[in-house]
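**Q** So the chains spell out like this:
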Amino acid sequence: FRKMEQEMLKCLFLGFGLQKIRYPCSKKDPFPGEAPIPHKQLQKFQRGEKYKVPAGARRRLKEAIISSEAMSELAQKQAARYDLLLPEDAGFLEGDEDEDTNTISQDDIADAVDITSGSKYFNLHLSQFGPYRLDYGRTGRHLLVGGKKGHVACIDWQSKDLMCEMNVMETVNDVKWLHTEAMFAVAQKRWLYIYDSKGLELHCVKKFNDVLRMQFLPYHFLLATASATGFLQYLDVSVGKEIAAVCTKMGRLDVMSQNPHNAVIHLGHPNGTVSLWSPNQKEPLVKMLCHRGAVRSLTVDKTGTYMVTSGLDRKLKVYDIRAFKPLHSCFLPAGASCLSLSQGGLLSAATGDIVQVYQNVLGSSPVSKPYMAHRLRGQIWGLAYCPFEDVLGIGHGEGFTSMIVPGAGEPNFDALDTNPFRSSKQRQEWEVKALLEKVQPELIGLDPGQLSKVDQASFEQRHKEQVEALGFDPLAKDKFKPKTKKKGRSSAGAIEKRKRKVAHEDQRDEIRQTVQERTERDKEQKEKSNEKKKLGNKSTLDRFRK
Amino acid sequence: MAADEEELSINEQAISASEDEEGSDDERKHKKLLEAISSMGSRKRKKQNERSEASVQVSEFFVNAEGTGEKVNLSDLLGTVEKTSGASNKTKKQLRNLQSSKETLELPLNKQQTEKIQRGIAYEKTAAEVSCWRNIILQNQKAEQMVFPLNQESPGPKRVEQVVAGWKVQTPLEQEIFRLLHINSQPVDDPVLTPVEEQSLKAMSLEEAKIRRAELQKARALQSYYEAKAKREKKIKSKKYHKVQRKAKCKDFLKQFDEMVKTNPEGALEELKKMELSRMEERMSLKHQNSGKWAKSKAIMAKYDDSARKAMQEQLQMNKDLTQKIVVPSDDEHESNEEGLETIPDFVNDSEPVIDSVNPWMRGQLTHEEPEVSCVTTEDVQTAEEENEEEELVGEFERKRKLRQADEEDLIPTEEERKRAGLKKIQPASEVVEEDVVEVSDKEEEDDDDDDEEEEEEDVSEFNTLFRLMRSEKTLEGSNQTREGLNTPGQEDEEGLLNEGQIRVRNIEDLEVLGEFVDPQPIAEPSLPRTAAVEATSEPPYKKKREIDLKEVLTKEAKAVKVPFLPTVVDEEERDEQISIIKEAFAGDDVISDFIKDKSKLEAAGRPEVVDLTLPGWGEWGGVGLKPSRWKRKRERDEQISIIKEAFAGDDVISDFIKDKSKLEAAGRPEVVDLTLPGWGEWGGVGLKPSRWKRKRFRIKTAPPPPRQDQKLPDVIISENRNASVASHQVSQLPFPFQNTAQFESSIRTPIGPTWNTQSVVKNMTKPKVITKMGAIIEPMVKEDFIKNKTTTPGGKGPAIMLGENKRAKEGTKRSSEKHRGRRSQKRRK
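Protein chains in written order, with the numbering used here: chain A, 91 to 636; chain B, 75 to 904.
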């Protein structure tokens, strides 16, 4: 006790000047060090493979690699640690026994949930100027609807606050929010118009004519439009310039979607193909034959892994667009005219006047029945999920319907990127930052990580020139030079032996790996066969054996 | 001079004034002092008066300057020195030496060379001085972040003592605390380290440890060098070299031995023992007895060749020398020693049977065969001839040996004499003269001792036989054991080794075979990772016709989804009706309109009437609102379904796609360049084709391009065009330390932006390399900054961290450094 007291006093009195502070309590910390991070979480934030320091690396290289690896690890760990701060979890709809969730009506749901959530199910009866196209802003607060016959309205749909409403007195093909809720684009009969949130016409972009569909690439500030004349055009809304105009030569382009992962535009064509486009290339990056009939609709999930298409052959197909291979397809008797994927991975398909919502479409197993269904009046013209909300907006002939789909939205939002509750000041801040961090359109390509790679072609070219100029390859791996050893170990034979030890090291590694794999496989097979034998040898009489 | 005299007179007066007051003793002392002073002054005066010019004729009227221009020669001086008796012998000798020596002094090096040498030395010095900066510079280069100015006081809270100058313990609590601290010998003033920690630090400073380690390293290195040298020398095959070497060693050894006798008699004794041992060995062996191959050949030559004879004689001489008893001058000691040696039985000289049981020559035991033969089984198979030869040789050897023994017996001193003295020998050198002397002295006593000797010999021989028997048994056992050992574990080992070898070989073969089997296109995965789900899809085998594959892919059986409808308020019938309506609507809705649009575009307005008919019904403008009558729709629908069927019957979509793809593939293939010139080098004309070999020769085929990305995807066309737009943003040159792209790419794979990282990580990742304090003057680094804690003296025992007493000294150095800095800054200001 005395020692304890003394220590305590010392600590108290001499305070922080001590080099090592001994804590007065003799109890040991039962959990010393930092809290461990679960492996799964760590893996979630892993970026690429760890790189080992190659043998015989020079000092500077070693240092560079080690420090960068340490940094990566730190970043990964910290990110995994802070993953705790995303506590929200998506819910879902659960039926009673023998009750299909798709038979539960929206009214029932709205009655069952709290008032705020219940108010998210509503209908706008706009039978005059329908059918309607719609678009939600990136934060999910603002809704833009555009009727075929010229009715355009933007609403803060949660507060049901009408921001503006007008009739453009022209056919409206599509409507789209731009980067903020202050501006939106309307594809009208001839030109593309840009309005502000008060309904004031800001621009009439006459370079963009006969636009049928639009997509906005938020990080590039690009408005991509697909026209009836077969042109795919890109408008940089930050500078108001046309970035690229690509003649697709595929006819009328009325099926369009974007891949949020790499900002590649997907277009569906009447000949059953889907083509992928970037503003940098005059030909499609990829062209894939998806349907035997025309493609009616397509959508891409937010991770850029899956694409869902529906065609005139009444099929719904799920593709892995990293490998360009179909995962599974299902036959919808009525076909699907509109498709939309939510942040949570729910797929909604408009079949006639019914909207069906499917769960687990993106898995490997095909779907059998919908998760939810909702019948509407009139033709469905637009489908869109509201970001960060369990809400599906449906534009149809009779107006607009907001439908509750539990588990649709992403429960956690990034307040620095898309904050549904941001003030106007915050929006301004964000706008400045977003403009500063604008991604150049040249970087659009199939591989979004292209930028972090060395430009191999020019690198090789330059290297070739360098080799020619120097007369030797400066980057060539040094030929193995055996050390001169003493005590007679540097005889010609010994040197040759040592050389042979390291010869074809890379090949050897490969061989070693394959051998190992093979032996493992053999072992497994043997075990399996042994088990089988064991089972197979058992006769019915074996049970009487002791 | 005059001034001096005046001063002296003044002093005298002053002293005389004070004189009266002192006693008589004092007076005496004072007088002495005065005398001393006056004598000093007088000598000076005398010197002044001396005539300094040296001349032969000294005139009292004038100073002769006759010999002034001449140089004084050494001989002149020498002559006088010899005469003068006062000069020391040493100087005389030196002078004489000087005179006799004819060597001229070396010319001093010319200026350039001296400067060069000086420069070299100066360079080394400065290099050593500057090299002490290397570590700190490296460290700073490596450092992730540097904060300037370097010697900043650490931020954060400080101790009370540091902040308040005259702080004292006042309150009773404080007093109590300090009492406790004091009792437990905890640091009070400067609580950095406890005395225990201090001591542990003092035990060995880092510097010291480093020095020690360096020393050890050096020693190890030296040892290895020495070993290497020895090995190299050992490898030298030249016999002459080794001979010379050996002789030199021998000489050395003798010298050493001589000294050793004087200084270290015990060591000398040891050496002598060794010599005795060598003698024994010599006696055992046939080394210098002209029994070898060389000797035989020489023996043949000896008749005719003088040198050969000489060589043989030399050999024999050597043998004699070596087998000579070592004679010690002092009789007593030597004799006793000899006696001790003689009592040792013969077989002691026998070599160990285990060493080489096979070679009978090496055994040194020649007379008895039985036990040896029994153990030497392998040797049994030797031919009879060989045995005969051996026997002859043995006989010869024995004869010689007997002779020698007889000689020796003459030389051997008696036992009694030997018993008398302790074991001390001094001189191994077998000088003949000495030997003779000994012989003479010994011979007198010889007769008396003969009987005793014989007796003893008998005893010894008995003992010998017994011992041999025992040994033979042992060797038998040993050999059996060893053989067993060889058979059992050894064989196993061998087998094991063999097996291992086989396995290894097999493995290598396996590997080679594997290497052959490795796919010509190893793995080459597409850049895009594939999910497991992808594998589930039916991937058509590549060899099949593509068209079929494609169809298979597209006609893959799809699962029909039942669409349960909502339970609505509508009646069953109504519902049915609705369903049918929906179906109809769908059937006639988009499919047809799309198709027609498609058709219209593809077939270039083939049927404008159809467009006219359907557009108002199905186009963009609200067809929904205007519902056409049912019968009309039905009719239309039938028509359109037939059209669709028609369209799909030919699988236009698929064939088009395939055509497209094949066209692209064909475009990608390299063309064959035909450079044949008809009529060149052979007959040309109408109807004449260039020969086949020529066509073959001049058709240039370029290498096929790498396989298309969509090679295995029949329903996908992936563009092979390179996207050059990203290239301008990409890195095209590897930055310095990286050696390949993989290394570099992995180093930048983690983003550093706040979008992907937590705040702390971003800060850490983007921290600046150099931080400077605003307004602070950044002085260049001073040596004291980085070696202030080091003791530069090699044997320095000071602690690594200065404490307490040394604090002041440290401060002093700091101050000096500050002064230094101040000076520098002043300079800069100028």
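In case anyone wonders, no lab produced these hints; they're calculated from the structure.
There may be inaccurate statements among the hints.
[Claimed, not checked] Below are the DSBU-like pairs computed for lysine-lysine, each with C-alpha atoms no more than 30 Å apart in a straight line:
| hint | chain 1 | residue 1 | chain 2 | residue 2 |
| --- | --- | --- | --- | --- |
| 1 | A | Lys587 | B | Lys308 |
| 2 | B | Lys843 | A | Lys575 |
| 3 | B | Lys308 | A | Lys543 |
| 4 | A | Lys587 | B | Lys303 |
| 5 | A | Lys140 | B | Lys308 |
[Stated by the list, open to error] One side of the interface only, derived from the structure: several residues of chain A facing chain B at Cβ under 7 Å:
| hint | residue |
| --- | --- |
| 6 | Met161 |
| 7 | Lys528 |
| 8 | Gln603 |
| 9 | Gln606 |
| 10 | Glu607 |
Fair warning: this is a prediction, and the values are worked out from it, not measured in the lab.
Glycine is no exception: its CB is placed at the ideal position from the N, C-alpha and C atoms.
**Q** Broken hints, numbered, in rising order?
**A** As far as the earlier hints go, 2, 3, 5, 7, 8, 9 and 10 are violated by this structure, in ascending order.
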